[in-house]
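Whenever a hint applies, use it, and build me the whole structure from the sequences.
The numbering of the sequence shown is our numbering, which starts it at 1036 and goes up by one.
Careful, some of the hints might be misleading.
Claimed, not checked - Think about it this way: if two alpha-carbon atoms lie no more than 25 Å apart in a straight line, the pair counts; the simulated DSS-like pairs of lysine-lysine are: (1) 1553 / 1303; (2) 1732 / 1782; (3) 1179 / 1108; (4) 1308 / 1269.
No wet-lab data here; the hints were simulated from the structure.
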Amino acid sequence: MRISKPMAVIGLGVWLGVAGAGPATGQGTTSAPLAASASYSVESEVAAALYAASATQAAMERQYTQQLAAARKQIEALRQQVSANTSGSAGEIIALKQQLADKERQIVDLLAEQDAGYAQEISVYGAAVESIAATPEGLAALAKFNAGDQIGAIAILDQLRKARDDARMARVNAESASEARQIAALALEARASGNLTTANLIDRFEEITRLDSGMAEDWLTLSGLYRDAGNLSKADAAAGKALALARADATKADALRTLGAIAFDQGKPAAAKANLAQGSTLLLALGAAQPGTARFQDSLADLYRLQGRILTDQGNLADVLPVYQQALDAADRLIGIEPDNSTAQWKRATILTDIGSVLKDQGELGAALDEFHEALGIEGRLLATAPDTLSWQEDYSRLQSLIASTELQEGGIAAELELYRTRNESLEGLLVHDPGHAGWRHALGLNYLEIAGICAVQSDLVCTTQNNAEASEILEALARQDPTNIRWQRDLARAYSAAGNQAGNARAYEVSEQRHRKAADILDRLRRTDARSAGIEFELAKIQLSIAASLMGQRKQAEADKAFNEPIATLRRLSAADPTNDLLKSRLTAGLNTQAFVKIQLDQDTAALALYEESLSILRARQAKDPLNLGVQRNVGLTLQDIGNVYLARSDFETAKSYFDESFRLIEDLALTDETNISWQRDLQAGYDAFGQAAYKAKSYPEAIDAFTRALEVNARLSEADPGNPQLLMDRMTLEMYLDSARTDEKVAQAMEILRQRGIGGPK
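See below:
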């Protein structure tokens, strides 16, 4: 607050005399007043505010003199001149306002000299007014205030203060966000090593996006974390925010790829493909313009992988391999640009795994294993250099299990079960580090299902039950956590179906039907949402086959026969649309064989034989394509056995025997390949039994006796491994009865032959 020294010296009376003399010298010039117009405006509004202040008015009342009253009249007169002189020149108006401001300020200064309390009060008020007038917006508000619109002026000033507060806070937040990003980069590394959790990182990036919401890359990272945590809705919103903010085409492409992945998981393939197509266009253009930029090749490889997943789900295996090859080519270009980039090399291994998975589904098991083992070599080498990288540990464990499941189709089961159990331990260890990582929890649930499936093959009911229960608990929780995740819903249906199979194996057929229908309800709902997903149709058809099998167990043969029609028709259609898909053929042949069995129960053996022959034709083609696929070899053997049973029922013993003989040779080879595979050993027992039955009915008693004896030997080995198994006990009793009958009938036949020979060659 300034105090005018001249005024303090000359006193009020002298000042008043001077004040009435008119404009100060030099006011007739134009350049000086115009050049100072801004300061005069500020000065006049500040002076007017100080003069009009309630503290000033009160001080003038306390110090009232005739001279002060006259001064107030002069100020009022000057105000009227300013108001009336609207048509005057700019210089005249400025001069009047300056004169008015000087007189108002001099009165304030004089009052302050004579009243210390007022001086302190007006000093604080004056500082506030000068601060407000320091900006054009504040000056305008002060003018409004001085003009009498105090409420309007205060509202403007409040808005200005908030805007400045927001601006100051934005600057602070931007600086804080910048520091937070630097720390978050380290936190991401700590998460990869298992020292921080997904939840920790979500908290960090949510804070960063609150502090500074304008960085697309932050939203992309947060979207990925939300996906890992199992919240697709939030992931989708974050990725959408990233796309809206993205300025660079590379960032837009990354956002589009992320949105495509989320849309696919949500069962929206059309949206997924549209996003990926846009992203692909951007990346191809960027890669062509800047072929040496690693980031573009990295993003392109990821995008092609996702396109491959979508094509696989839509039933286009023949089109998938070229897309995965494009992904592999992009990864190779990336490695060419950055040879020491371990992440790029790991990406190459995951693409090799994708290619192997397609080959496996096409029945090319040998080629699939070649891809898997090449990928395993890369991952093993890289993991040795960074053993604490949790995501790599999970990929490596998954690949080992994938190899195990493939090798299981080529023989061997005990080692495969151990690998899956080791993978369980690995996943549980990862979840100790990061319990909120839904992706790893989902993988654990699926691994439990795999273990349950192997235990079912081994006829280990306790193991099957325990692992199915664990899988269902995990997958149910995930499905509740994010109902929009279609993949999780599909896997939950798979778990319910596995539980239904378990009930069926225990002969609880009504329970089995209920569980399978529960699974089918999920998939039927999803099918209506995504009618183009061949994957969902395939999964639903498998479960519908299981429902029909459950009806068979309940002796509802006619109902079961009808229930087979829809899934078999679906599988025929899907197989015709995707002839390279071996999984479709596998499930189709299983359905054909089971419906054929029902036809036999309904005394429709001609229809049954037609179904068996259709199945055998498909199986022989698969066997010729991949002779190493022992699962196919087993199914060929069992189907030959089924056809033999039809001819056996027709009393065409020689034809039946020929089918049984070919079947037995295939099944015996399998059983010798892996003595730990209980199912194959039981197949061997059943094969000996079937051949023995045909030989017995054809009166080939030595062959029948040999077959029944061998069947009992297999039964003894199985019973030793599983003592007390009631089914094995019943099998043994039945086989012993057949063996006794064959031996008895052989002796009778021998006796009859002796009698016949004696009657022919006896004494004359």
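Structure-based check of all given hints:
no., hint, result
1, 1553 / 1303, "holds (23 Å)"
2, 1732 / 1782, "holds (15 Å)"
3, 1179 / 1108, "holds (23 Å)"
4, 1308 / 1269, "holds (20 Å)"
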